[in-house]
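So our numbering is basically just the index in the sequence shown, starting at one, shifted up by 1.
Hints were generated in silico from the structure; no laboratory data involved. Every residue, glycine too, gets a C-beta built ideally from N, C-alpha and C. Check each hint, because a few of them may be wrong.
[Unchecked claim] Only pairs whose alpha carbons sit at most 25 angstroms apart, straight line, appear in this in silico DSS-like list of lysine-lysine:
| # | residue 1 | residue 2 |
| --- | --- | --- |
| 1 | K51 | K17 |
| 2 | K51 | K140 |
| 3 | K140 | K16 |
| 4 | K17 | K75 |
| 5 | K19 | K140 |
| 6 | K95 | K127 |
| 7 | K140 | K99 |
| 8 | K5 | K51 |
| 9 | K94 | K75 |
| 10 | K99 | K75 |
| 11 | K99 | K127 |
| 12 | K19 | K51 |
| 13 | K140 | K94 |
| 14 | K16 | K75 |
| 15 | K75 | K5 |
| 16 | K95 | K75 |
| 17 | K94 | K127 |
| 18 | K5 | K140 |
| 19 | K16 | K51 |
| 20 | K140 | K17 |
| 21 | K75 | K140 |
| 22 | K140 | K95 |
[Stated by the list, open to error] Derived CB-CB ranges, DEER-like:
| # | residue 1 | residue 2 | range |
| --- | --- | --- | --- |
| 23 | H158 | E109 | 15 to 25 angstroms |
| 24 | Q20 | V63 | 10 to 20 angstroms |
| 25 | E79 | K19 | 34 to 44 angstroms |
| 26 | E160 | N128 | 16 to 26 angstroms |
| 27 | V63 | G154 | 30 to 40 angstroms |
| 28 | P165 | T30 | 16 to 26 angstroms |
| 29 | E106 | P165 | 32 to 42 angstroms |
| 30 | E156 | V126 | 17 to 27 angstroms |
| 31 | L122 | R24 | 14 to 24 angstroms |
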Amino acid sequence: MVMKLVVLSDTHIPKKAKQLPERLTEELTAADRIIHAGDWQTLDVYEELKTFAPVHGVYGNVDGEEIQSVFPEKQIIETGGFRIGIVHGHGEKKTTEKRVVEAFEGEELDLIVFGHSHLPLLRFVKNTMLFNPGSVTDKRRLPRYSFGILTLGEELHAEHVFFP
Numbered sequence: 002m003v004m005k006l007v008v009l010s011d012t013h014i015p016k017k018a019k020q021l022p023e024r025l026t027e028e029l030t031a032a033d034r035i036i037h038a039g040d041w042q043t044l045d046v047y048e049e050l051k052t053f054a055p056v057h058g059v060y061g062n063v064d065g066e067e068i069q070s071v072f073p074e075k076q077i078i079e080t081g082g083f084r085i086g087i088v089h090g091h092g093e094k095k096t097t098e099k100r101v102v103e104a105f106e107g108e109e110l111d112l113i114v115f116g117h118s119h120l121p122l123l124r125f126v127k128n129t130m131l132f133n134p135g136s137v138t139d140k141r142r143l144p145r146y147s148f149g150i151l152t153l154g155e156e157l158h159a160e161h162v163f164f165p
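Please put together the full structure from these sequences, using the hints given.
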């Protein structure tokens with residue numbers, strides 16, 4: 002069975018946007034699961050996301066006690082035969098990438114999903130795929146907003162969706 006996971010991070014609602022963008026909600030209607038890599042800013046985002054599919058997530062550096070009481074700092078989920086680590090990626094020193102790899106040191110993971118930098122990324126460190134979906138509401142200096150789609154079947158496929 003092929004599974005579709007929609008991956009997002011750094012929604013920063015209501016500070017950067019009042020609602021989730023339509024381009025994202027189009028994909029959410031077909032999602033089997035949703036991963037949010039932190040910086041929600043409000044639980045309203047979680048409440049909306051869970052109307053589409055089960056949601057896995059972590060808290061980010063701008064998330065307060067309300068969100069920290071619902072989501073851990075990091076977690077590992079097993080779905081579709083793959084082990085996926087989720088962490089926001091904030092911290093002191095080092096690059097965001099180095100921090101997320103170190104967060105799961107000693108774990109055998111197929112994928113680490115993270116956020117924080119708002120920069121879409123897809124690359125491998127040894128056999129582990131690193132995936133940052135970017136942000137659907139705060140593209141910073143990038144030309145487009147973005148989120149990710151993971152397709153879990155015989156293999157793990159990750160792609161970014163960029164939109165104006």
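Proposed proximity, K140 with K19 (alpha carbon, max 25 angstroms): Within the cut-off at roughly 15 angstroms; holds.
K140 paired with K17 [C-alpha distance capped at 25 angstroms]: 10 angstroms, holds
Cβ distance range 16 to 26 angstroms for E160 and N128, holds or violated: 19 angstroms, holds
Pair hint outcome, K95 versus K75 [Cα-Cα no greater than 25 angstroms]: Given pair K95, K75 holds - Cα atoms ~18 angstroms apart, limit 25 angstroms.
Hint consistency between K5 and K140 [alpha-carbon to alpha-carbon, up to 25 angstroms]: 24 angstroms, holds
25 angstroms Cα cutoff - pair K16, K51: 21 angstroms, holds
Whether the CB-CB distance between L122 and R24 falls inside 14 to 24 angstroms: 20 angstroms, holds
K140 paired with K94 [C-alpha distance capped at 25 angstroms]: 23 angstroms, holds
Satisfaction of hint between K140 and K51, Cα-Cα up to 25 angstroms: 24 angstroms, holds
Verdict for E156, V126 (Cβ pair) under range 17 to 27 angstroms: 18 angstroms, holds
K19 paired with K51 [C-alpha distance capped at 25 angstroms]: Roughly 18 angstroms between the alpha carbons, so the hint for K19 and K51 holds.
Satisfaction of hint between K127 and K95, Cα-Cα up to 25 angstroms: Cα-Cα ~19 angstroms, so holds.
Every hint from the earlier list agrees with this structure, and none is contradicted.
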